[in-house]
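We have chain A already, so just place chain B on it with the hints.
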Amino acid sequence: MATDLHRAVDAPAAVAVKGLDKSFGTQHVLKGVDLDIAPGEFTALLGRSGSGKSTLLRVLAGLDTDYDGEVAVPGRRAVAFQDSRLLPWKRVLDNVLLGQKGKAAKAKGLATLDEVGLADKAKAWPHTLSGGEGQRAALARALVREPELLLLDEPFGALDALTRLKMHALLRKLWAAHQPSVLLVTHDVEEAIALADRVLVLTEGRISLDVRVELPQTAPRRSREFADLRDRLLAELGVAESER
Amino acid sequence: MTSIPIKRIGQLDIRGAAARLRLDRLRILIGPVVLVALWQIGSATGLIPEQTLAAPSTVISAGADLVETGRLQEHLLVSLGRAATGLTLGVLIGAVLAVVAGLFRFGEDLIDGPMQILRAIPALALVPLAIVWFGIGEEVKVFLVVFATAFPVYVNTHAAIRGLDPRYAELARTVELGRLGLVRKVILPGALPGFFTGLRFATAISWLVLVVSEQINATSGIGFLMTQARSFAQTDVIVVGLVVYGLLGLTSDRLVRYIEGRVLPWRRTFTAR
Numbered sequence: 001m002a003t004d005l006h007r008a009v010d011a012p013a014a015v016a017v018k019g020l021d022k023s024f025g026t027q028h029v030l031k032g033v034d035l036d037i038a039p040g041e042f043t044a045l046l047g048r049s050g051s052g053k054s055t056l057l058r059v060l061a062g063l064d065t066d067y068d069g070e071v072a073v074p075g076r077r078a079v080a081f082q083d084s085r086l087l088p089w090k091r092v093l094d095n096v097l098l099g100q101k102g103k104a105a106k107a108k109g110l111a112t113l114d115e116v117g118l119a120d121k122a123k124a125w126p127h128t129l130s131g132g133e134g135q136r137a138a139l140a141r142a143l144v145r146e147p148e149l150l151l152l153d154e155p156f157g158a159l160d161a162l163t164r165l166k167m168h169a170l171l172r173k174l175w176a177a178h179q180p181s182v183l184l185v186t187h188d189v190e191e192a193i194a195l196a197d198r199v200l201v202l203t204e205g206r207i208s209l210d211v212r213v214e215l216p217q218t219a220p221r222r223s224r225e226f227a228d229l230r231d232r233l234l235a236e237l238g239v240a241e242s243e244r
Numbered sequence: 001m002t003s004i005p006i007k008r009i010g011q012l013d014i015r016g017a018a019a020r021l022r023l024d025r026l027r028i029l030i031g032p033v034v035l036v037a038l039w040q041i042g043s044a045t046g047l048i049p050e051q052t053l054a055a056p057s058t059v060i061s062a063g064a065d066l067v068e069t070g071r072l073q074e075h076l077l078v079s080l081g082r083a084a085t086g087l088t089l090g091v092l093i094g095a096v097l098a099v100v101a102g103l104f105r106f107g108e109d110l111i112d113g114p115m116q117i118l119r120a121i122p123a124l125a126l127v128p129l130a131i132v133w134f135g136i137g138e139e140v141k142v143f144l145v146v147f148a149t150a151f152p153v154y155v156n157t158h159a160a161i162r163g164l165d166p167r168y169a170e171l172a173r174t175v176e177l178g179r180l181g182l183v184r185k186v187i188l189p190g191a192l193p194g195f196f197t198g199l200r201f202a203t204a205i206s207w208l209v210l211v212v213s214e215q216i217n218a219t220s221g222i223g224f225l226m227t228q229a230r231s232f233a234q235t236d237v238i239v240v241g242l243v244v245y246g247l248l249g250l251t252s253d254r255l256v257r258y259i260e261g262r263v264l265p266w267r268r269t270f271t272a273r
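Those sequence lines, one after another, are chains A and B.
Heads up: the first sequence at position 156 corresponds to 156 in my numbering, and the numbers run straight through without jumps.
Heads up: the second sequence at position 257 corresponds to 257 in my numbering, and the numbers run straight through without jumps.
Here chain B stands alone, though its shape is the one from the complex:
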């Protein structure tokens, strides 16, 4: 007779699982590393011409140069400032409108219709109009980010308020919480997860919009750096810009998720950090 080892579900090997998770994380690096290696080999052998795509080593040295001269930091700060300003305003507007539309009948009638219509317009389609309105200064870039980020926050927060379990509102009545207490203790905290979903979308979108608007008409910012490099066919600098955008997107998403975890500790999470 053979005995089959039975793994008891209640006794999952946590440490083993964590170690495996770390290994898994390393394993996902294999693909990128191989890709970069192939790219380097291709460049070294002349298979990938310098004008098409700079070699990884060239990109790194270009990046180092940009950092040394301070140009990268300077333009990065400008881009960060635009994203932060636009995102802050957009999130604020989206959240306030969602709360007004979610809490008041007249707000719903007044706000939700227009928001649903406007939301169908891609933010970047507003570029021509935005230039007519604001010229080509800072306002255009910030405006586009505001416009693009307000909607995901509005839609997700509004849906979260509307979708709140009505049984909680009933409970609030049985403990005589009152209208203000209902909003403060039930509706707003209950809608926070939806707000954060919107915030994560908004963060990702803010970079997307910035990438485009900084390439169309700008004298500063990462997008400008890349456009300038284009006119001199400096593919290394362009790739540096791409990497910076990628890192910005990744970092900001991580940041939002971290804040979300701190603000919503009550959420049942299936994956421990």
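For reference, chain A alone in the conformation it holds in the complex:
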């Protein structure tokens, strides 16, 4: 189902999921998910609310350990959530350095903050940050871990449209620089197409669609291919043509 036809697969997959089953009580949320993500691959996971996409991410993050099936993920993982989840009682830099040890950590944290454009906010308290800045700090906290797998759970969902576009560009830049495998969970079809190399759709606990994003280099968002893929994904998500 989720086999990668486009990439040479001599390198072992960064993520290898086989027959993942997960239930909450009587609710069967994931029903045999198979998923491979190659090292450095940017994958977006779409799904309607309740489709189980966040559950899948939580399993990969190691936050949910009570499941059936095989899940292989890299040891170095990082997660960013829809809320920045910065500890209000720690300054931005200390939030970024949470869980980091050693003397070199501070310099690394500052460098990462600089990368996300928050160098001047290192000493700020989280409540003084805007929504976009909070998410930047959360990205810095994830990146400082040098993750092989970066898990993003609707990280831009609470941002306004303009800030979101800027964050998209930043995320692409960071991904290009660090080359982690990315799983971006989102319900925003255009976001998925614009950011990812590959888009998955999760429907009722199964991956129902797995497509590679191939857009022209110039003005990709306005291309015919973008519109076609958008329609195809919306259809898969059960949005009728009149509603698009």
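Check each hint, because a few of them may be wrong.
Unchecked claim - Chain B stretches covered by chain A per the calculated footprint, using a threshold of three residues with CB under 8 Å from any CB of chain A:
id, segment
1, 68-82
2, 164-176
3, 186-194
What the hints assert, rightly or not - Interface residues of chain A toward chain B, partial, derived using beta-carbon atoms under 8 Å:
id, residue
4, Ala-61
5, Leu-63
6, Tyr-67
7, Val-79
8, Arg-85
9, Leu-87
10, Trp-89
11, Ala-122
12, Ala-124
Calculated directly from the structure, the hints in this document are not laboratory data.
The structure presented is a predicted model; accordingly, all values stated were derived computationally and were not measured.
In this text, a Cβ means the ideal position worked out from N, Cα and C, and glycines have one as well.
Frame of chain A, contents of chain B only:
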């Protein structure tokens, strides 16, 4: 056409607001000043007999006398010592129990039930038992303060630990903070605001308990000073004692709030100092 001046919300006149705030502070003094003036007039005209309530001027001179002879300082120090000792012990006990109950399952089972039951007992109801246990020495007063102050600290700190956003604990897992890191960097600092709420309650209560216990059986302290004055019908000295208690309560609350502001600079405050 008339134009309506629009005040832009983003441009609140900060200096004007601060000046108004200072004025407001002065305005709240009007009531007390008028009251004291009426009281003085009442005393001067004989409307308020000396045996009922001494005149403000008499109270002031009595206070000055007490300071001059050093009696006020002596008893104040004793009261302060009792409050400080009792409060320190009570806060320590309350905080430690709250942390143990908040962090460990067995702690919760062992501690929380008894604490919730004991907390229903007014501390002053323990006076007879405390006298039987400790006699009428220093221990009774300190014990009562300890007992009374441990609970507000326990209840508020425990609630703060329990009420901590579980998403922070989840975050701690994603950055592999570990159990100790979770406690040190997430749970304890997150529970500090609750602890301070408890501390403020405890401070206020410590004076309340001291007032009563120093009047029941004591040979020193502000409460003793007042009881002694009662037997000689010195209403001026009694009022001096009341004023001192009031000032102590006010000052200690300010002090705790000041410390709170220094320890928790991250808290979003709507009113600037």
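For this session: So, Arg-85/A near chain B? Judge it on the closest CB pair being under 8 Å.
Result: holds (5 Å)
For this session: Would you settle whether the hint for Tyr-67/A is holds or violated, based on the nearest Cβ-Cβ distance to chain B being less than 8 Å?
Result: Interface hint status for Tyr-67/A: violated (16 Å vs cutoff 8 Å).
Problem set entry | Annotated coverage of the segment 186-194 of chain B by chain A, confirmed only when three residues or more have a Cβ within 8 Å | With 4 residues closer than 8 Å to chain A, the segment 186-194 of chain B meets the three-residue bar; holds.
Problem set entry | Proposed interface contact between Val-79/A and chain B, which counts if any beta carbon pair is under 8 Å | holds (4 Å)
Problem set entry | Agreement of hint Ala-61/A with chain B interface, Cβ distance less than 8 Å | holds (6 Å)
Problem set entry | Evaluation of the interface hint that places Leu-63/A against chain B, nearest CB under 8 Å | Result: holds, 6 Å to nearest chain B Cβ.
Exercise. Are there at least three residues in the segment 164-176 of chain B whose beta carbon sits under 8 Å from a beta carbon of chain A?
Worked result: holds (count 9)
Exercise. How about the segment 68-82 of chain B: do at least three of its residues have a C-beta closer than 8 Å to a C-beta of chain A?
Worked result: violated (count 0)
Exercise. Going by Cβ atoms only, is Ala-124/A closer than 8 Å to chain B?
Worked result: violated (10 Å)
Problem set entry | Hint validity - Trp-89/A Cβ closer than 8 Å to any chain B Cβ | With a closest approach of 4 Å, the Trp-89/A hint holds.
For this session: Would you check whether Ala-122/A satisfies its interface hint, that is, whether its CB is within less than 8 Å of any CB in chain B?
Result: violated (15 Å)
Exercise. Given Leu-87/A as an interface hint, is the shortest Cβ-Cβ distance to chain B below 8 Å?
Worked result: Hint holds; Leu-87/A Cβ to chain B Cβ min 6 Å, cut 8 Å.
When the structure is compared with the earlier hints, violations turn up for hints 1, 6, 11, 12 and for no others.
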